[in-house]
Amino acid sequence: MMTRSRLLLMCCAAALICLLSPRVHGQVTSQRLATANSEPQNWLTYSGNYQSHRFSLLDQITPANVKNLKLQWVYQSPVAGNWQTTPLVVDGVMYITQRPNDVVALDAVTGRAFWIYRYTPNPNRIVCCGANNRGVAILGDTLFMGTLDANLIAIEAKSGRQIWKTEVANTTSGYSITHAPLIVKDKVIVGVGGGEYGIRGFIAAYDVNTGKEAWRFYTIPGPGEKGHETWEACPPKADSFCDPEAWKHGGGSIWMTGSYDPQLNLTYWGVGNVGPDYAGAQRPGDNLYTDSVVALDVDTGTLRWHYQFTPHDVYDYDSVQVPVLVDNWGRTGINALVWANRNGNYYALDRATGRFLLGRPFVKVNWMSEFDERGRPIQTPQPPGQPTYPGNQGGTNWYSPSFSPRTNLFYVSAWEDYASIYGPSPVEYKEGRNFTGGGPRPFGPVPGAPGLSRAPINTWTEAAGHGAVIALDVATGDQKWKFNMTDVTDSGILTTASNLLFTGGREGYFQALDASTGTLLWKANLGAAINSGPMSYRVGTRQYVVTVSGLSLFVFALDE
Amino acid sequence: MQKIIDLAVLAAVLAAVGATALASQQGAQLHDSQYPDVDIAHGAGLYAARCAPCHGAQGDAVGGVNLRSGKFRNAITDRDLAGFIRVGSQAAGMPPFALDDTDMAGIIAYLRNMNSFDAATVKTGNVARGREVFEGKGSCTKCHRVGRVGSHVGPNLTDIGSVRSAGSIQRSLLEPTSQMMPVNRPVRLVTKDGTVINGRRLNEDTYSIQVMDERERIQSFLKSDLREYTIVKTSPMPSYKGTLSSEELSDLLGYLLSLKGPS
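Chains as they are written, first to last, in our numbering: chain A, 1 to 560; chain B, 1 to 263.
Counterexamples of contact, computed for chain A against chain B with all Cβ distances above 12 Å:
#1 35
#2 58
#3 213
#4 240
#5 281
#6 282
#7 304
#8 305
#9 426
#10 445
#11 453
#12 487
#13 525
Here's a subset of chain A near chain B, in silico, CB distances under 10 Å, partners left out:
#14 93
#15 106
#16 109
#17 141
#18 164
Everything labelled a hint here was simulated from the structure, so no lab data went into it. Here a beta-carbon is modelled for each residue, glycine too, at the ideal position from N, C-alpha and C.
Generate the whole structure from the sequences, applying the supplied hints.
The structure is reproduced here in structure tokens:
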């Protein structure tokens, strides 16, 4: 038993030590973020590194021993609903978000909580499509989270105490934040969701210490700004409703985390669908920068280049996919940005200039036929009532892809043989109201039959589409192998240095494949859909692999 | 204008709650028998700011209501009183008043003691001077943190003025151990390799313990990896009885009561 005076002495001495010496443990510097690959035991950003490879250099778990994976611990969320978080792990502490906007610090070995930060979003918030949060970002001893009611919050990583809160946008107009922020240098970067509510999207950077806005880039350019001309004037005698100020509520939401190239000082973000989603006739033009990737100077937010994947989109082909950076692409010396898009095509772009290098389908595509020499798709709209491939949910969607420098393969969660029939209808903008302009219906094999449903009794089947993990040659887009699933998948993908690939799906299986061949090596039925991206970390000598299924976060490792 | 209306409404509800005593109330032990003077004093300040404009300094400015009687028509227990104030009453035209735990404890303590409390004896702590004591002579930031200043070693006090009553905070300054939350107790851990960890307990289960160590690291240990695990029952915090003057203590209390969470 310690004496009280001794404890007091220790308390004061400890405080003195802290005042006099720099704190190292838990301090995540921007340099550490830029060199995240040098500390594979940690998972410091949403996608694992600035290149967004979702690739772990850990190799304790191998194709030979993965069959011995055992469940180590489970953390159950107390809140029902689709759970899409990717944890961060820093020096043995795991930081997760849980619905609606809680942050929890867990011991990464036992799953026990150190603290819980609870945030109650505005009950009048307007959020589409799952109302999720996909994770936090960290810098120094501070965590950053965007909220469903469009606030950005800084939280002490040691205590879970709020440091500052900044309103990013007005939630009752349909703005929200669902993705994990991106930290670059002294800025925290976020974008706003709300593409189904007629927002005017933007990406903005905030000072990490104060929460003060440093710059803002509107994904829908206003009058006088470059790109505004793609919001064309309405024809004098339009056949149907046309909105002369369509740009004001043109969508362009941001709901997945961007990437960063420190050498070019550019940050890359995928931009969501145009508003209204389907009623294209009322917004003539290409509608920049919807369905595009934008490359922004990270210090100023200035647009350096853009590439639009789906000009004048009428299919809801959000291009929010995580941008993946690949150096010396195809041994050409070009540092590329590769992208499997919701519109069904795999792309490679020169990430310094935006130059189109490659585009080809990875699933069945009939909304376009080919690309012109500049990489613009030649569109082939289908007749009314006929199916468009890929369907409304896309050839892929927001599910994190993975790139393995070991195999030089790019891995994507895909929906194959899946189509929708589109039915646009005019819609007038009303603040905070649904602004989709019609809607698609799945292309089913039996017209007039009841709608298809998925899980636990799956009537969806191969007749209407199925899920797959597709491995593409990163340089050519050639399919190297494919792992088929009966049901579709919303899971992200993790690959590791030992040539393992981890992924899930709506069926609830968490499965490990050989990353070189696609051979199934191990699986566990976790009982509910997997809607997040797996990640891996190490504490001590032990490697762990994590996924979220249903309301539970599962952590696996080899038995010691 | 809105403020005036709110005050008027609050007066109306207090009227509904107040009025005359019910016979059944008399003699019953229906609320805490003791209210710390500092809670009453804290409540007096709140009353003056938020209630007195309608109820008057003497509590009798609303017709038919005499708050100084300490007896209330529709509220028997302290919980009843808190409910009236928090929820309000549509019938009486009162909106809810979202007082935090600290302020509610204060206002109830004052309402229960209006008749006997002598405002002249109240020393209202000076918040600015109290902060100087906190960050200076009191050396509180060596262990505690407010906002972004101070250490994580001791409990964070950023919102202490909304979660602890004035009486509890005062007692913690004079008799720290008496107010120490069990989960915050100091622990001493010795691992099997002899490493000693002193820290503050954050969480614990049958097989593991989570601590904030003296180097401000959050750490977790399996009990099976420990050679020794001691929960210290006394607070490492010194009593400020005798080391701070009564005025300094009052100021420090005033500062702590002003800490309502992140701005």
